[in-house]
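Student: Protein chains in written order, with our numbering: chain U, 1 to 97; chain C, 98 to 825.
Listed next, the in silico SDA-like pairs over lysine to any residue satisfying Cα-Cα at most 20 Å (straight line):
(1) C:K442 with C:R489
(2) C:K732 with C:R786
(3) U:K64 with C:E302
(4) C:K538 with C:E586
(5) U:K66 with C:E302
(6) C:K442 with C:V493
(7) C:K442 with U:A18
(8) C:K366 with U:A92
(9) C:K366 with C:D291
(10) C:K540 with C:A193
(11) U:K64 with C:A296
(12) C:K442 with U:H26
(13) C:K265 with U:Y23
(14) C:K538 with C:R656
(15) C:K265 with U:E30
(16) C:K366 with U:M91
(17) U:K64 with C:M299
(18) C:K442 with U:M1
(19) U:K64 with C:T288
(20) C:K533 with C:N575
(21) C:K265 with C:M299
(22) C:K366 with U:L88
(23) C:K533 with C:R656
(24) C:K806 with C:C704
(25) U:K64 with C:E298
(26) C:K442 with U:Y23
(27) C:K442 with U:G19
Keep in mind that the hints were calculated from the coordinates and are not lab data.
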Amino acid sequence: MDIEVKKTGEGVSVIVRAGMTIYRAHDLKEAFLEALREGPAVDLDLSGSPEMDSAGFQLLWMLKRKAQAEGKTLRVRHGDASRSVLDLFRMAEGFLS
Amino acid sequence: MDEGRRIFAAESAELLEEMESSLLSLEGSPEDHESVNSLFRAVHTIKGSSGIVGLDPVEAFAHIVEGVLDRVREGEVGVGDDLIALLLRCRDHMAALIDVSLRDETPEAAMNALEAELLSALGTYLPQPKAAKPQATPASREEAAPEGRLAESEQWHISLRFGPDVLKNGLDPISFLNYLPKVGEVVSLTTLLDRMPPAEEMDPEACYLGFEIGLRSEQEKQTIEDVFEFVREDCEIRILAPGSAIQSYVNLIEGLPEDNLMLGEILIKGGTLTRRELEEALNAQFGGEAAPAGTAGAGVHRLGDILLKENMVHPRVLDAALKKQSQAQARRAIERQTIRVDTEKLDQMINMVGELVIAGANVVQHAARVRDKGLMQSVDMMTRLVEEVRERAMRVRMVQLHDTFNRFRRVVHDIARDRSKEIDLFISGGETEMDKTVIEKIKDPLMHIIRNAGDHGIERPEERAAAGKPARGTIRMNAYQETSDIVIEVSDDGRGLDREVLLRKALALGMAREDVSYTDREVSRFLFEPGFSTAAEVTNISGRGVGMDVVRRNIESLRGTVDIISEKGAGTTIRIRLPLTLAIIEGFLTSVGDAYYVIPMDMVLECLELSERAIGEAHGRHHVNLRGSILPYVKLTDLFSIKSSVRRGAEHVVVVRYAGATTGIVVDRLYGEIQAVIKDMGRLYRHVRGIGGATILGDGTVALILDVKSIVQVAMEQEDARFGRQAE
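Take the sequences, apply the hints, and build the full model.
Tutor: Given below as C-alpha cells:
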C-alpha cells in the first residue's frame with residue numbers, strides 16, 4: 001500500500017510513498033481524514049513521496065487546518081518534494097514541526 | 098517525464114501539426130488570413146509554454162520565428178514560396194529540438210548548424226535589430242495618470258487567483274511560480290487558500306490557490322503578462338506596475354474575495370505599499386463616495402474604471418480580472434467538447450470492464466445451474482448491460498482516422514517536391530474510427546506504404562504523359578469498416594507491380610523455384626519476404642532499411658493482414674485489414690483432454706464429427722471429405738502433444754477459414770460461444786506456434802486462444818512432410 005494509515009501507541013501514523021499529486025488526490029484526502037478521525041495526534045511521513053503538486057499541497061494544508069480546528073497535533077516529516085513546494089509557496093514556516 | 102512536460106509534448110505536437118497544415122494551406126492560397134493567424138498563434142503558444150516547462154532552446158528559437166510571423170501578420174512581409182519552405186524547415190527543426198530537449202539531451206553539432214542557417218535565413222525577414230528596450234519602469238510611470246498619490250514602491254504587484262479547474266486541465270500554479278524568477282526577482286510571495294471549503298466539501302482535484310506577489314523587474318508589462326499566457330483563461334490575473342496610484346491598490350484589495358484588512362496587510366508585508374500610504378488612501382475613500390467599500394461588486398466596478406482610465410492594464414488582463422469564473426467556464430464548456438484523459442486511467446478502466454465481463458460470465462454459469470426463471474431474466478438483463486458497457490468502453494478509445502490520414506499530406510507534398518513529381522493525395526473514410534493504440538502502431542507501416550507509392554509507384558510527369566496518363570499522379574487513402582474489421586487502403590495510379598521483374602528477383606534471391614508456377618497473388622507476396630527490397634530501391638526517404646516485411650510483421654502483430662493488388666501500368670493498392678477490438682473477442686470454446694482452447698469465432702465456419710468412417714476414408718491422411726472437397730485438418734493432440742480424453746470417432750472437427758484457406762481443427766469437445774478477454778501471455782510464449790494468447794473462463798480456468806493462422810500453416814506443412822508434395 002503506498003498510502004498507509006495505521007494506529008500507533010501515540011496516535012495515528014500516515015506514511016505516503018505515492019506521489020502527493022492530483023492522481024492520488026482522492027485517496028490522499030480519504031487517508032488524511034481517516035487519520036484525523038482515528039486519533040488525537042497525526043504523524044505524517046512524506047519523506048518517501050517522490051513528488052508533490054498543487055493538489056498535494058492543498059491537501060497538506062487541509063490536513064493542517066482541520067487538525068488545528070479540532071485541537072489535534074500534526075507532525076510532518078518532509079521529503080525533498082514537499083520541502084521544495086513549501087519553499088516555493090513560502091509556506092515552510094507553517095509546517096516546520 | 099514530469100506532468101508538465103508530458104502535457105507540453107502532447108500539446109506542442111498538436112501545435113506543430115497545426116503549423117504544418119496552415120503552411121500547406123498558405124502555399125495554395127497565400128492571402129488566407131485565417132491560416133496566417135493560426136500559424137502565428139501556434140508558434141506563439143509553443144514559445145510561451147516551452148518557456149514555462151523550462152525548454153529554453155525551444156523558446157528562443159520559437160521567439161525568432163514568431164517575430165517573423167508577426168511581421169507577416171501585420172502585412173510587413175509577404176507570403177512567398179521561399180518563406181513557406183523556410184518555415185516548414187523551421188517547423189521540422191522545432192519538432193526535433195523539442196524532442197531532443199524533452200530527453201534532456203543537448204543538440205548535436207549538425208542540429209546547431211542547421212539552426213544557425215535557419216536563423217540567418219529568418220533574419221532576412223526581420224528589420225534591423227531594435228534599439229535597446231526602452232526602460233520599462235519610467236514608461237509605465239508616465240502612463241499612470243495619477244489620480245491621487247503614487248505609491249513609492251519599485252516593484253510590480255501580481256495578484257493571482259487560479260480557477261478551480263486549473264489542475265484538471267493539466268496546469269499547475271507551481272510551474273508559473275517557478276518561471277517567474279526568469280522575468281524578475283520575486284521579492285515577496287503570499288500563498289492564499291481562503292477559498293478552500295471545509296475539508297469534507299473540498300474537491301481534492303480542484304484548485305483554490307491564490308497568490309499575492311511582489312516582483313522586481315526591468316521587463317515590460319507584456320513580458321510579465323506573457324508568463325501567464327497559457328493559463329489566462331483559468332486564472333484571474335491582476336498586475337499593477339511599480340508606482341501605480343495608491344487608489345489602484347485599494348481597488349485591487351476591494352476587488353479580491355478575501356478580507357480587506359488581511360489583503361492590506363499582505364500588500365504591506367510584501368513591500369508593495371507602505372502602511373501609511375494604505376491608511377491615507379482608505380481614509381480618503383471613506384470620506385468620499387457612498388459606494389459600499391468591501392462589497393466585491395463595487396470594488397470590481399471601480400477597479401475596472403480606474404484601471405482603464407489610467408490605461409495601466411492591458412485589456413486582456415482586465416478581462417480575466419473582471420470575468421466571473423462561471424462565465425469563463427460556460428464558454429469553455431461550449432467551445433471544447435473533449436477532455437484530456439490519462440491513457441493509463443482509461444486502460445485501467447477497460448481492464449476492469451474485462452474483469453466485469455468474466456465475472457458476468459461466471460454469474461451466467463451459476464444462474465443456469467439454479468434454473469430460477471426470475472434469476473435468468475435478471476441475468477439476461479445484466480449480460481446485455483455488461484455487453485453495452487464493454488462496447489462503450491472500447492469505443493472511448495476509438496479515434497477517427499481523419500487526423501492520422503491528414504498528416505500524410507505533408508509526406509506526399511515533400512516526396513513530390515523532392516522527386517520532381519506531381520502527386521495529389523485524396524482521402525476518404527476519415528470518419529472511420531479505430532482504437533487509439535492501434536492507430537499509433539499503424540502510423541509507421543502507413544508511412545512506409547505511402548512513401549513507396551510516391552517513390553516507386555507514381556512515375557515522373559514525363560513518363561506518365563508518355564503512357565497516356567495525366568501528369569499529376571494520384572494517391573488515395575481510404576478506410577471503411579467491414580463486419581468486425583477495419584480496412585485501410587492505399588492506392589496509387591502509378592506504374593504498378595511488374596510480375597516478371599518480381600519473379601526474377603525472387604528467383605535470384607532463392608525465394609522462388611524455377612519449376613513452380615505462381616499465381617499473381619503469390620508473386621506479389623514475395624514483396625513481404627525479408628530482404629526483398631534491394632539496396633537500389635532503399636532511397637533516402639524510405640531509407641531506414643524498413644522493408645515491406647517489417648510492415649507486414651507490424652500489421653500482423655495487430656492481428657491484421659495486408660495484401661497487395663496491382664496491375665502493371667495501372668497502379669497498386671495495398672489493403673490492410675485490422676480487427677476492430679483488440680482485447681475482447683467472440684470465441685468458440687473447445688477442449689482436448691483437460692485443456693481448454695478458444696477459437697476466434699469470426700474464423701469458425703462449422704463443426705463436424707470426426708467419425709470412424711471419415712477417418713477410414715482418408716487412408717492415413719489427415720483430411721476429410723467435406724461435401725465433395727478435401728478438408729485438411731490438424732489434430733491438437735498432435736500439435737500440442739497432449740492426450741485426448743475421448744475415443745477415436747468421438748472427436749470433433751471445427752472448420753476454420755483464414756485468408757482464403759480452409760482447415761479443420763480436431764478437438765475432443767465443443768462448448769459453444771463465449772466472450773474471451775484476451776490476456777497477453779508475455780514473451781515466454783511468443784514463439785509457441787498455434788497460440789495467440791490466453792483467457793480466463795467464468796470459473797477461473799485458463800483457456801488458450803488458438804492462433805488459427807499458424808495452425809493453418811502447420812496443417813499445410815504436415816501435409817507436405819507426410820507426402821513430400823508442394824504446398825497448395
